[in-house]
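Residue numbers (our numbering), protein chains in the order written: chain A, 9 to 149; chain B, 9 to 149; chain C, 9 to 149; chain D, 9 to 149.
No wet-lab data here; the hints were simulated from the structure.
Note that this is a predicted model, so its numbers are computed, not measured.
Please note: incorrect hints may appear among the correct ones.
If several chains are the same, the list does not tell them apart, and a pair holds so long as it fits within one copy or across any two.
Straight line, CA to CA, 27 angstroms or less: simulated DSS-like cross-link-like pairs of lysine-lysine [said to hold, decoys possible]:
#, residue 1, residue 2
1, K110, K131
2, K145, K110
3, K126, K110
4 protein chains.
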Amino acid sequence: MLNADELRRIFDAAPFIRDLGLQLVEYGEGRCETRLALAERHLQQDGLVHAGVQATIADHTAGSAAATLIGIDQMVLTVEFKINFLRGAQGHSLHCKAAVLKPGSRLSVVESEVYCEKPGPVKLVSKALVSLAIVDKRTRS
Amino acid sequence: MLNADELRRIFDAAPFIRDLGLQLVEYGEGRCETRLALAERHLQQDGLVHAGVQATIADHTAGSAAATLIGIDQMVLTVEFKINFLRGAQGHSLHCKAAVLKPGSRLSVVESEVYCEKPGPVKLVSKALVSLAIVDKRTRS
Amino acid sequence: MLNADELRRIFDAAPFIRDLGLQLVEYGEGRCETRLALAERHLQQDGLVHAGVQATIADHTAGSAAATLIGIDQMVLTVEFKINFLRGAQGHSLHCKAAVLKPGSRLSVVESEVYCEKPGPVKLVSKALVSLAIVDKRTRS
Amino acid sequence: MLNADELRRIFDAAPFIRDLGLQLVEYGEGRCETRLALAERHLQQDGLVHAGVQATIADHTAGSAAATLIGIDQMVLTVEFKINFLRGAQGHSLHCKAAVLKPGSRLSVVESEVYCEKPGPVKLVSKALVSLAIVDKRTRS
């Protein structure tokens with residue numbers, strides 16, 4: 009059963025995500041899509057989108073995809089992730105699609121793809137593998 | 009020879025880093041230290057520092073460490089990184105130390121450690137391995 | 009144009025791969041498939057396939073996929089990889105499929121999926137993201 | 009308290025490790041060292057030690073370091089790892105040192121360094137970050 013409450017909380021209650029401007033676009037069981045309208049403040053020193061922005065989106069969208077599958081008293085915590093940057097990202101928005109590769113009772117593994125949208129064809133700019141712990145909201149330490 | 013110009017440019021000319029508030033603390037050949045004074049906007053939904061903030065700092069400080077060793081017509085681009093989150097980060101500031109594990113003419117590998125400072129002992133909260141391409145400023149595509 | 013010579017050399021001339029028993033199954037431009045018939049010597053202490061066996065297959069098949077796209081005087085060298093183990097692997101053979109996510113003149117990024125075959129449905133047991141350097145055969149150092 | 013029994017079992021009962029020839033050299037609480045005498049069968053197509061051999065050693069030594077800290081009814085399972093290959097490995101033996109970065113009741117994070125020994129100075133050839141699940145021997149599924 010889809011846990012939409014936790015997913016919405018992740019977006020509404022995370023200051024860094026609101027500050028960045030990341031929008032929840034769509035979700036389903038074990039998957040989530042987000043979009044970020046790019047502004048100058050998302051860039052690095054050479055005019056491309058900063059790796060940290062892409063990593064943040066890949067991580068947060070992965071956590072959201074995992075959160076759709078957890079119980080109502082549970083939450084997700086990122087354990088680790090790895091991200092490859094495939095090409096320079098330059099455009100008007102980033103679109104991230106995350107899908108759970110393996111749901112678990114203690115650990116879920118999710119992959120995220122970040123696409124850059126601009127005039128011209130949409131391109132895959134980064135890909136991440138994310139491991140998330142599933143923890144009880146009460147007993148988290 | 010230490011390329012301090014490129015290192016300073018990475019901090020002065022990167023909008024996302026200025027927006028985040030990351031400060032250059034210290035650097036030397038193949039190493040760099042930065043600090044971020046934590047504010048509410050750096051947090052995720054449960055009051056801890058967002059994984060994306062830690063990833064951004066780990067990546068940018070690694071790039072800065074690698075940049076100290078490159079030529080004046082070169083720049084660094086993050087190829088990929090992996091980061092493990094070891095404990096929840098909660099405190100007044102993050103301190104990141106990056107050191108080049110293996111400098112190269114085409115690729116450098118750097119490790120970054122992120123420490124959380126608060127009343128009480130400083131703790132290692134995340135650790136990253138970062139691969140960076142060394143590219144000519146003119147021929148980057 | 010598909011560089012089948014380099015791909016075959018990778019299989020015929022690599023002692024560790026011959027010793028392991030990995031077979032080349034199929035290949036095309038930017039992709040490769042391999043299979044390993046499992047024996048007792050591939051296992052870890054609890055009867056499951058050792059993580060190192062899965063990692064070796066994921067890496068070597070990724071390198072083979074990247075090698076199909078390089079020039080005749082070039083070779084591939086693994087820069088780094090990350091692999092997630094999704095479930096315990098137990099069965100009669102492993103089947104690996106690798107596909108190039110982003111080919112490059114200096115660096116290619118490949119993803120590999122390892123499936124475990126046994127009586128019953130085939131399952132994805134591990135997934136890897138692999139970065140490979142493309143180097144000239146003469147100038148490698 | 010150091011769980012030496014589980015650590016010895018990991019070496020004595022793992023067919024792939026015996027077959028590879030990996031030797032347990034030394035251990036303590038949260039750390040382990042191993043050594044592999046290199047032979048022709050450990051090489052890839054260009055005479056260097058295969059990435060899969062280095063990955064296997066880094067993973068297994070990390071698991072051993074984590075196992076020194078677990079309970080007598082527990083075992084470790086590799087969740088994921090990432091490894092960077094820093095230079096071509098060529099020599100008479102590989103020496104691996106693993107140390108627990110963060111022990112946990114459910115997950116431990118370990119780093120492994122692989123050194124290549126040959127006539128001349130010992131060199132760091134690869135570095136890995138490894139995440140391991142701590143599971144009860146009875147309830148593993």
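Results of checking the hints against the structure:
no. : hint        : result
1   : K110 / K131 : both (26 angstroms within a copy, 11 angstroms between copies)
2   : K145 / K110 : both (21 angstroms within a copy, 22 angstroms between copies)
3   : K126 / K110 : between (32 angstroms within a copy, 19 angstroms between copies)
Violation of the numbered hints given earlier is absent; every hint is satisfied by the structure.
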